[in-house]
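Could you build the full structure based on these sequences and the hints that come with them?
Here are the chains, one letter per residue:
Protein chains: 2
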Amino acid sequence: MKRKTRQKVVVLGAGFGGLRACQALADSNVEITVVDRQNHHLFQPLLYQVATAGLSATEVAQPVRAILAGQRNVSVVLDEVVGLDLAAKKVQLKEQLVPYDYLIIALGGVTSYFGHSEWEQYAPGLKSLDDAIKIRQRALLAFEKAEVSTSREEQKRLMTMVIVGGGPTGVELAGAFAELSRHVLRSEFRHIDPAQAHVILVEAGPRLLSHLPSELSESATRQLEALGVEVLTSTPVVSISEARVEVEGRSLNAETIVWAAGVGANSLTRSLDVPLDRAGRLVVEPGLFLAEHPEVFAVGDIASVKDQHGKPVPGVSPAAMQMANHVAAIIHRETEEGVDVPARRRFEYWDKGTMATIGRSAAVAKMGSLEFSGLPAWIAWLGVHLLFLVGFRNKIAVFLQWVYSYVTFRRGARVVIHSGTASDNKGKS
Amino acid sequence: MKRKTRQKVVVLGAGFGGLRACQALADSNVEITVVDRQNHHLFQPLLYQVATAGLSATEVAQPVRAILAGQRNVSVVLDEVVGLDLAAKKVQLKEQLVPYDYLIIALGGVTSYFGHSEWEQYAPGLKSLDDAIKIRQRALLAFEKAEVSTSREEQKRLMTMVIVGGGPTGVELAGAFAELSRHVLRSEFRHIDPAQAHVILVEAGPRLLSHLPSELSESATRQLEALGVEVLTSTPVVSISEARVEVEGRSLNAETIVWAAGVGANSLTRSLDVPLDRAGRLVVEPGLFLAEHPEVFAVGDIASVKDQHGKPVPGVSPAAMQMANHVAAIIHRETEEGVDVPARRRFEYWDKGTMATIGRSAAVAKMGSLEFSGLPAWIAWLGVHLLFLVGFRNKIAVFLQWVYSYVTFRRGARVVIHSGTASDNKGKS
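Residue numbers (the numbering used here), protein chains in the order written: chain A, 1 to 429; chain B, 1001 to 1429.
Read the hints as simulated data drawn from the structure, not as lab findings. Ideal Cβ placement from N, Cα and C applies to all residues, glycine included. There's no promise every hint is true.
Cβ-to-Cβ under 7 Å is the rule here; a few derived chain A residues that face chain B [said to hold, decoys possible]:
(1) R65
(2) E144
(3) E248
(4) I417
Pasting the structure below:
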């Protein structure tokens, strides 16, 4: 086999796309550098469980170094991307300048407030472990404050949670918060009844889970309502301020507000002189590379591309991994066999199905033409997520955690690490 | 049985002493309020494992509310004690004033720098989850910085850890850091060899673990040295500044410095007009109450008392729990049977033994007249700690975690939640 000199592949981001790209190049004669500003790969589909005290932070994250330890052609760098010089083929990190022959941009998405970045301070998004832990602390401390509050109105506000956005993350958060208050915390307080907590899910569009068939949206709504969640559809948010969400004709007072409505691209894309879509994602060729810079690829949530049927590829982890495999195959062929850009194939997306969990035995799922809801969907969801969880330890620990939560209705991760005091009001004894 | 009106028992602190006091009063006709500024009970003997990335924060902590959920005569209040009015029998919390008939002070100890509080910023202690997570992040990020550093001298400093204090916590930290660098991180870096990391344990006294017989101190030193730890005894610290510990005749440059040398009493005691010992602990009668205020008890690390043999009761969790049982028995008798203060018995301490773990298969233990070291001590240590771990879930999860770490030499909790960037220097590629 003919071997060219060792090409440098730089991968930006160690999410599902970036990590898979590294792994898929394990047997290629390339020198890979993967850069992430976090030391861990995050299993984002379960992040909502950290926010709702079902799992601990370390159960949904693994050090990138540990995952790639056995792969000798990869260096892991903990650093942040500051800029890209596409002409000079160099990545500027905070601490060093890294040249590349091939670049794979897999930086993922960020929470988008559709031009209302001032809402972020009142309604955090859920993208990182830090976000999840902050939301968990806020929600748990709200019950503590309510327990010592002497004002009915204040207690009501403290025990109200508003989730903005009826996509999978919003649905999962709403269901998990409802279960937390109705089952997990039930018998632990003396002055409040956590089961009276009020979870409101606000969606601007006409139905939840708009990427699924409408029967599944309806099923999800029914399952959420059975858990006591108030579902408001066709209800755009007008404004958000401290502990308050204004929607048309109604003002929602809530101590805990979570924004699960919008995903935008990493802001780095705007600094590049290349085509972007409306969300700021990189518009790539069907082969997943930039038209003017064929050595630069984009995969995952930061890439905007249509599949073989002309439909936009969705921002989900299986899509990111499939894209990464595609790009790795191109790089492998070109470095090993010396073929050139015109030989690159187009990316074809294989939709394995979509699902969202709502709670204990409650979920909706679509796989090909099959549609499930309730317990069968929940079991499918459980299996698929365990299967995909990165790292042996996490799989076992998470599985036991789930079995335990299921059997006992308790949750193991209800710990506030940076604790404040409980209340804003005085006088109760 | 004669029943008096329901007495109010206020318990300050939900550590081993406070929690046990609540539980031991489960069948008494009293109204208990337990106050802690954290929402969780912390299994402190395993906290060093959180600092060294062996366990996650939620594995060594359980919500106080969850532990006491089934006990109807307890209210849990998340708040901070601001002051005590012993004459008026009231506790001032940040958010409310709580009256009591009986008070159990179980606030535990704090890290003491022997008058050098300015050292704290450079050499954090290990008392809370927050402390442990900060130490873990610092140590893990040090290796990341070393990986991209181009200066040999800087790499050496980054890969050096100094632990001050040769008691059980210091010994356990030193052993766990040595194993982390020599085994766990070994194959994950490309530019540094983590096995070259340098762990230095500094002790002012002539030997480690001074509460154990000298043969066990020697054994601990040998076991630590076998792991590559440099043990410096009879070496008092002269000063500590940023990344530097000065000892007599030598300057130790280390990115990670941990203070495990001193425990003092909670500063609240100094605001009271009652006898204190030199460390600021409350000097109590042999029955564990204040001479001038027999309705006020102190248990655990905040109490200074001699046992039936005239020896000071040590600041360990079994002692705190035994004291709590003693106090609960007194309160139970007085409230149920109407006996009075002169009938109170003295506290008798039953020493169940002492142990310290050093690493995988390495430990020292003393139980009665039996002394162990190496594997038998390690197995004993493992068993005793699992036995005492609070909460079913944690026991199972921690056990699996340990089995997994033991079999694979990996650690599951190596996640930096609030990540910075990797290096202070430029230029490497």
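Status of the hints after comparison with the structure:
{"no.": "1", "hint": "R65", "result": "holds (4 Å)"}
{"no.": "2", "hint": "E144", "result": "holds (4 Å)"}
{"no.": "3", "hint": "E248", "result": "violated (37 Å)"}
{"no.": "4", "hint": "I417", "result": "holds (5 Å)"}
Checked against the numbered hints given earlier, the structure breaks only hint 3 and satisfies all the rest.
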